[in-house]
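Q: Chain by chain, the residues run as shown.
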Amino acid sequence: MVVAVRDVHYAAGGRPIFEGLDLEVRRGRITAIMGPSGTGKTTLLKLITAQIAPGRGHIEVFGEDLATLGRRGIYGMRRRIGMLFQNGALLTDMDVFENVAFPVREHTDLPESLIRLLVLTKLQAVGLRGAAELMPAELSGGMARRVALARAIVMDPELLIYDEPFVGLDPISLGVILRLVKRMNEALGITSVVVSHDVHELATIADDSYLLSAGRVAAAGAPQQLRDSNSAAVRQFMTGSADGPVPFHYPAPDYATQLLEEDER
Amino acid sequence: MSARRPGSYLLGGVRRLGSVTIFLVRLLIQCPPALARPGLLIQQIYNTGARSLIIIMLSGLFVGMVLGLQGYDLLQRFGSEEALGIAAALGLLRELAPVITALLFAGRAGTALTSEIGLMRATDQLTAMEIMAVNPMRYVAAPRFLGGLIAMPLLTAIFSLIGLYGAQLVGVQMMGVDRGVFWSQTQGSVDLHDVNEGLVKSLVFGVACSLIAVHEGYNAEPTAEGVGLATTRTVVASSVIILLLDYVITAAFL
Numbered sequence: 001m002v003v004a005v006r007d008v009h010y011a012a013g014g015r016p017i018f019e020g021l022d023l024e025v026r027r028g029r030i031t032a033i034m035g036p037s038g039t040g041k042t043t044l045l046k047l048i049t050a051q052i053a054p055g056r057g058h059i060e061v062f063g064e065d066l067a068t069l070g071r072r073g074i075y076g077m078r079r080r081i082g083m084l085f086q087n088g089a090l091l092t093d094m095d096v097f098e099n100v101a102f103p104v105r106e107h108t109d110l111p112e113s114l115i116r117l118l119v120l121t122k123l124q125a126v127g128l129r130g131a132a133e134l135m136p137a138e139l140s141g142g143m144a145r146r147v148a149l150a151r152a153i154v155m156d157p158e159l160l161i162y163d164e165p166f167v168g169l170d171p172i173s174l175g176v177i178l179r180l181v182k183r184m185n186e187a188l189g190i191t192s193v194v195v196s197h198d199v200h201e202l203a204t205i206a207d208d209s210y211l212l213s214a215g216r217v218a219a220a221g222a223p224q225q226l227r228d229s230n231s232a233a234v235r236q237f238m239t240g241s242a243d244g245p246v247p248f249h250y251p252a253p254d255y256a257t258q259l260l261e262e263d264e265r
Numbered sequence: 001m002s003a004r005r006p007g008s009y010l011l012g013g014v015r016r017l018g019s020v021t022i023f024l025v026r027l028l029i030q031c032p033p034a035l036a037r038p039g040l041l042i043q044q045i046y047n048t049g050a051r052s053l054i055i056i057m058l059s060g061l062f063v064g065m066v067l068g069l070q071g072y073d074l075l076q077r078f079g080s081e082e083a084l085g086i087a088a089a090l091g092l093l094r095e096l097a098p099v100i101t102a103l104l105f106a107g108r109a110g111t112a113l114t115s116e117i118g119l120m121r122a123t124d125q126l127t128a129m130e131i132m133a134v135n136p137m138r139y140v141a142a143p144r145f146l147g148g149l150i151a152m153p154l155l156t157a158i159f160s161l162i163g164l165y166g167a168q169l170v171g172v173q174m175m176g177v178d179r180g181v182f183w184s185q186t187q188g189s190v191d192l193h194d195v196n197e198g199l200v201k202s203l204v205f206g207v208a209c210s211l212i213a214v215h216e217g218y219n220a221e222p223t224a225e226g227v228g229l230a231t232t233r234t235v236v237a238s239s240v241i242i243l244l245l246d247y248v249i250t251a252a253f254l
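These protein sequence lines map, in sequence, to chains A and B. When we follow the working numbering, the leftmost residue of the first sequence carries the number 1, and every step to the right adds one. When we follow the working numbering, the leftmost residue of the second sequence carries the number 1, and every step to the right adds one.
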C-alpha cells in the first residue's frame with residue numbers, strides 16, 4: 001500500500017468537502033480518481049502531499065501517518081513523490097533543461113556531467129530532448145506538461161501524482177500524455193495516481209478507479225466495473241448525462257416564482 | 001455590499017501586522033542558508049539594484065539640481081550662498097537620498113518583486129517547489145529580501161553622490177558660487193553622524209520595502225486581480241511606512 005486514506009473529513013470555508021473518505025493506492029498500479037468538478041479531487045491531492053491537513057481521519061503515505069511527520073519528515077516524504085501540475089507549473093525564469101535539472105541541483109551534489117546525462121535521459125523519455133534550450137513561455141500546453149513530467153520523474157520517485165493531466169490538450173498531445181503515463185508505470189514501476197474527469201481516457205490506462213461524489217467514494221473498482229454499475233450517480237457520471245443525481249441546476253428558488261417577483265419590481 | 005464595523009478594520013490591521021511579523025521571523029530563519037547561495041543572491045541584487053540604477057541616477061541628478069536652485073535662491077537672500085554645499089549635502093545625505101530612493105525603490109523594484117512572486121504563486125510554481133521538497137521561503141523569498149536589503153544602501157549612496165553633483169552643477173556652474181568654497185564647506189561640515197543617519201535610514205527602509213514587497217507577493221490571492229491588488233498594496237504600504245519611519249529615525253538622531 002502506498003497511500004491509505006482513512007475516514008478523512010475536511011471542510012474549507014465552512015463547506016464540507018470530505019465526509020468520511022476512504023481509499024487506497026496500491027503499489028505498482030495506476031489508480032484513477034474521478035469525479036465531477038468541485039468534488040475535491042485537487043483537495044485530495046493536497047491532503048496526500050501534506051499541503052493541508054484533514055480535520056479528522058488519517059492519511060498514510062509510504063506507511064507513515066502524515067499527522068506524525070514534522071516538516072523535515074514531510075519534505076523527506078515529498079522527495080519520494082513526483083507531481084505533475086495541471087498547467088505544468090514550470091519555473092518561468094529557467095529554460096527547459098534547468099527546469100528538469102532543478103530538483104537534482106537542489107537535492108544532490110552530482111557533478112555537472114552527470115546532471116546533464118540524467119536530464120537529457122528524462123527529456124528523451126518525454127520526447128523533448130530537442131527542446132532543452134527553450135524557455136517555458138515558448139512551449140505549447142502539451143509540451144509544458146511533458147517537460148513537467150520529465151521534471152517529476154528526474155528524482156526517480158516511487159509515487160507519481162497527475163493532477164488533471166488531460167485537460168485542454170489536442171488529441172495528439174492527449175495521446176502522447178496517455179502513453180507516457182502508461183509507460184512510466186510499466187517501464188519504471190512507478191505507482192501512479194491520476195486525478196481527472198476524463199472517463200474514457202482513464203478507462204484505457206487505470207488499474208483501479210475511485211469515483212468521488214458528495215464527499216465520499218461513490219464507487220470503486222476497475223473502470224469496467226464502474227461502467228457496469230447500476231447506481232444512478234455512477235452511471236450519470238460515466239455516461240455524461242446532463243441531469244441526474246447531480247442536478248443540472250445550481251440550487252435556486254422556484255423559477256416561476258422568481259420570474260413573477262422580478263415582474264412585480 | 002454590507003458595511004464593515006469599525007472594529008473589523010482594527011482587527012484586520014492587527015492581524016495583518018501579526019502576519020507580517022511571523023513572515024519576517026520565517027524569512028530571517030531562512031536568511032543564513034540563502035546567504036550560502038551567492039549565485040541566487042547576486043541575481044537578486046542585480047534585479048532589484050542594478051535594474052533600478054537608471055531611475056535612481058536620473059532622479060538623483062534632478063533632485064540635486066532643484067536643491068541647487070532652491071538652496072541658492074533661499075541662501076542668497078541672507079547673503080550666504082557659499083553655504084549651498086552644506087545645505088545640499090546635509091539635505092541629501094540625511095533626508096532626500098534615503099527617502100526618495102526608498103520611494104522609487106518601492107515603485108520600481110518593490111512592485112516587480114510582488115508581481116513576480118504573486119505570479120509564481122498564481123501559476124503554482126511555489127506549490128511545485130514545496131512538492132519538490134524545496135522550501136520556497138529559502139529559494140524565492142529570502143534571496144529577494146536580502147537582495148533588496150543590500151541594494152537599498154548602495155542605491156542611496158549613488159543617489160547622494162549624483163545629487164550632490166547636480167547641486168554643484170547648478171550652484172557652481174550656473175549661479176556662480178565659488179567651487180572651492182562649495183566643496184570645502186561641504187567637506188568641513190558633514191561629519192560621520194550625518195552619514196550614519198542616512199545609512200541607518202536606508203537600511204531600515206531596505207528592510208521595510210523588501211519585507212512588504214515579498215510578503216505581499218507571497219501571500220497574494222492567486223488570481224490576476226489578486227496579484228494586481230497586492231502590487232498596489234506594496235506601493236501604498238511601503239510609501240506610508242517609509243515616511244513614518246523617516247520621522248521616527250530623524251527624531252531619534254536629533
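What the hints contain is simulated information worked out from the structure, not anything from laboratory work. Check each hint, because a few of them may be wrong.
Computed spacing ranges between beta-carbons, pair by pair [claimed, not checked]:
#1 A:Arg6 to B:Val240: 43 to 53 Å
#2 A:Ala53 to B:Val25: 48 to 58 Å
#3 A:Leu120 to B:Thr223: 28 to 38 Å
#4 B:Leu10 to A:Ala11: 27 to 37 Å
#5 B:Ile29 to A:Glu98: 38 to 48 Å
#6 A:Glu106 to B:Gly188: 46 to 56 Å
#7 A:Arg71 to B:Thr21: 45 to 55 Å
#8 B:Thr250 to A:Leu134: 16 to 26 Å
#9 A:Glu106 to B:Thr223: 41 to 51 Å
#10 A:Pro111 to B:Pro222: 53 to 63 Å
#11 B:Thr223 to A:Asp170: 39 to 49 Å
#12 A:Ala11 to B:Leu254: 54 to 64 Å
Covered stretches of chain A (chain B as the covering partner; in silico rule of three or more C-beta atoms under 8 Å from a C-beta of chain B) [as the list claims (entries may be wrong)]:
#13 74–86
#14 189–196
Computed from a predicted structure; not experimentally measured. Think of the CB as a built atom: it goes at the ideal place given N, C-alpha and C, for glycine as much as any other residue.
Q: Now, for every hint given, state plainly whether the structure supports it.
A: Hint check:
1. A:Arg6 to B:Val240: 43 to 53 Å: Distance hint for arginine 6 of chain A, valine 240 of chain B holds at roughly 50 Å.
2. A:Ala53 to B:Val25: 48 to 58 Å: violated (22 Å)
3. A:Leu120 to B:Thr223: 28 to 38 Å: The hinted range 28 to 38 Å holds for leucine 120 of chain A and threonine 223 of chain B, with Cβ atoms some 37 Å apart.
4. B:Leu10 to A:Ala11: 27 to 37 Å: Because 28 Å falls inside the window, the suggested range holds.
5. B:Ile29 to A:Glu98: 38 to 48 Å: violated (27 Å)
6. A:Glu106 to B:Gly188: 46 to 56 Å: 55 Å Cβ-Cβ, so the 46 to 56 Å window holds.
7. A:Arg71 to B:Thr21: 45 to 55 Å: Check failed, 20 Å falls outside 45 to 55 Å.
8. B:Thr250 to A:Leu134: 16 to 26 Å: Because 52 Å falls outside the window, the suggested range is violated.
9. A:Glu106 to B:Thr223: 41 to 51 Å: violated (28 Å)
10. A:Pro111 to B:Pro222: 53 to 63 Å: violated (37 Å)
11. B:Thr223 to A:Asp170: 39 to 49 Å: violated (27 Å)
12. A:Ala11 to B:Leu254: 54 to 64 Å: holds (55 Å)
13. 74–86: It holds, with 8 qualifying residues against the three required.
14. 189–196: violated (count 0)
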